[in-house]
Amino acid sequence: GQQLNQSPQSMFIQEGEDVSMNCTSSSIFNTWLWYKQDPGEGPVLLIALYKAGELTSNGRLTAQFGITRKDSFLNISASIPSDVGIYFCARRNAGGTSYGKLTFGQGTILTVHP
Amino acid sequence: NAGVMQNPRHLVRRRGQEARLRCSPMKGHSHVYWYRQLPEEGLKFMVYLQKENIIDESGMPKERFSAEFPKEGPSILRIQQVVRGDSAAYFCASSPDQLTGNGTDTQYFGPGTRLTVL
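From first to last, the protein sequence lines are chains A and B.
Position 21, counted from 1, in the first sequence is what our numbering calls 21; the numbers after and before it change by one each time, with no gaps.
Every position in the second sequence, counted from 1, becomes a number in our numbering once 1000 is added.
The set of hints was computed from the structure by calculation and includes no laboratory data.
One should not assume that every hint holds.
Lysine-lysine pairs mimicking DSBU-like chemistry, simulated, CA-CA at most 35 angstroms apart [stated by the list, open to error]:
| id | chain 1 | residue 1 | chain 2 | residue 2 |
| --- | --- | --- | --- | --- |
| 1 | A | Lys70 | B | Lys1071 |
| 2 | A | Lys70 | B | Lys1051 |
| 3 | B | Lys1044 | B | Lys1027 |
| 4 | B | Lys1051 | B | Lys1071 |
| 5 | A | Lys70 | B | Lys1062 |
| 6 | B | Lys1027 | B | Lys1062 |
| 7 | B | Lys1051 | B | Lys1062 |
| 8 | B | Lys1044 | A | Lys51 |
| 9 | B | Lys1062 | B | Lys1044 |
| 10 | A | Lys70 | A | Lys51 |
| 11 | B | Lys1071 | B | Lys1027 |
| 12 | B | Lys1071 | B | Lys1044 |
| 13 | B | Lys1044 | A | Lys70 |
| 14 | B | Lys1027 | A | Lys51 |
Label pairs and their in silico Cβ distance ranges [stated by the list, open to error]:
| id | chain 1 | residue 1 | chain 2 | residue 2 | range |
| --- | --- | --- | --- | --- | --- |
| 15 | B | Gln1017 | A | Ile67 | 50 to 58 angstroms |
| 16 | A | Phe29 | B | Gln1050 | 32 to 40 angstroms |
| 17 | A | Asn30 | B | Lys1051 | 24 to 32 angstroms |
| 18 | A | Gln14 | B | Gln1080 | 34 to 42 angstroms |
Backbone N, C-alpha and C fix where the C-beta goes; we use that ideal spot for every residue, glycine too.
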């Protein structure tokens, strides 16, 4: 199947530091999504990217859709304790009856030390 | 607007029993998706439904699992004769539309149902 490789698996950082995580795919597709999951909750959409090369910001978060359409990164600037959680990249199938299906990366566990 | 609602939040079943998980999509959303998450893993797609129709069930095991989204009422994910390997968090997501690519087909997730099989 089409896999998403997300790295790093986990990060331990100090409050105030910047964070970067990325996702790669073996195939091309049209949408990259970044979600955050807090413990015991469902994923919450952070940023959606629809075009190759697109760079989008949401507060301290910035994400880019790679030019090759096979990768994306998410940056968090000036991290704060509430950034703790699991960050997932996801892609949506391009067409057919499985259009709505999301495929998720393995997740990046972020720990922020005050 | 209320978000996606799921109940129960926690469900404990013994091997061989049935589990029924409910999902009420956001108001105005007609598309429902079910995902399963094992500990320390990403979410895995199970099934995609519209009102009264199953659109894609490619991620759902052929046996013991079924899903429905009736004209009235919540979507139901049903697991018969549960086994320990069914223990996981089950998430429902809904979206108002699809095939637009402009954000209206964004999926919004519920808080999940954590199923524990003893």
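Each hint tested on the structure:
1. A:Lys70 - B:Lys1071: violated (39 angstroms)
2. A:Lys70 - B:Lys1051: holds (33 angstroms)
3. B:Lys1044 - B:Lys1027: holds (25 angstroms)
4. B:Lys1051 - B:Lys1071: holds (6 angstroms)
5. A:Lys70 - B:Lys1062: holds (32 angstroms)
6. B:Lys1027 - B:Lys1062: The hint holds at about 30 angstroms.
7. B:Lys1051 - B:Lys1062: holds (21 angstroms)
8. B:Lys1044 - A:Lys51: Distance ~25 angstroms between Lys1044 (chain B) and Lys51 (chain A) Cα, so the pair holds.
9. B:Lys1062 - B:Lys1044: holds (15 angstroms)
10. A:Lys70 - A:Lys51: Holds: Lys70 (chain A) and Lys51 (chain A) sit about 12 angstroms apart, inside 35 angstroms.
11. B:Lys1071 - B:Lys1027: Distance ~14 angstroms between Lys1071 (chain B) and Lys1027 (chain B) Cα, so the pair holds.
12. B:Lys1071 - B:Lys1044: With Cα atoms ~26 angstroms apart, Lys1071 (chain B) and Lys1044 (chain B) stay inside 35 angstroms; holds.
13. B:Lys1044 - A:Lys70: holds (20 angstroms)
14. B:Lys1027 - A:Lys51: Holds - the C-alpha atoms of Lys51 (chain A) and Lys1027 (chain B) are around 29 angstroms apart, at most 35 angstroms.
15. B:Gln1017 - A:Ile67: 50 to 58 angstroms: Holds, at about 51 angstroms.
16. A:Phe29 - B:Gln1050: 32 to 40 angstroms: Violated: the Cβ-Cβ distance is about 22 angstroms, outside 32 to 40 angstroms.
17. A:Asn30 - B:Lys1051: 24 to 32 angstroms: Since Asn30 (chain A) and Lys1051 (chain B) have Cβ atoms about 26 angstroms apart, the given range 24 to 32 angstroms holds.
18. A:Gln14 - B:Gln1080: 34 to 42 angstroms: violated (49 angstroms)
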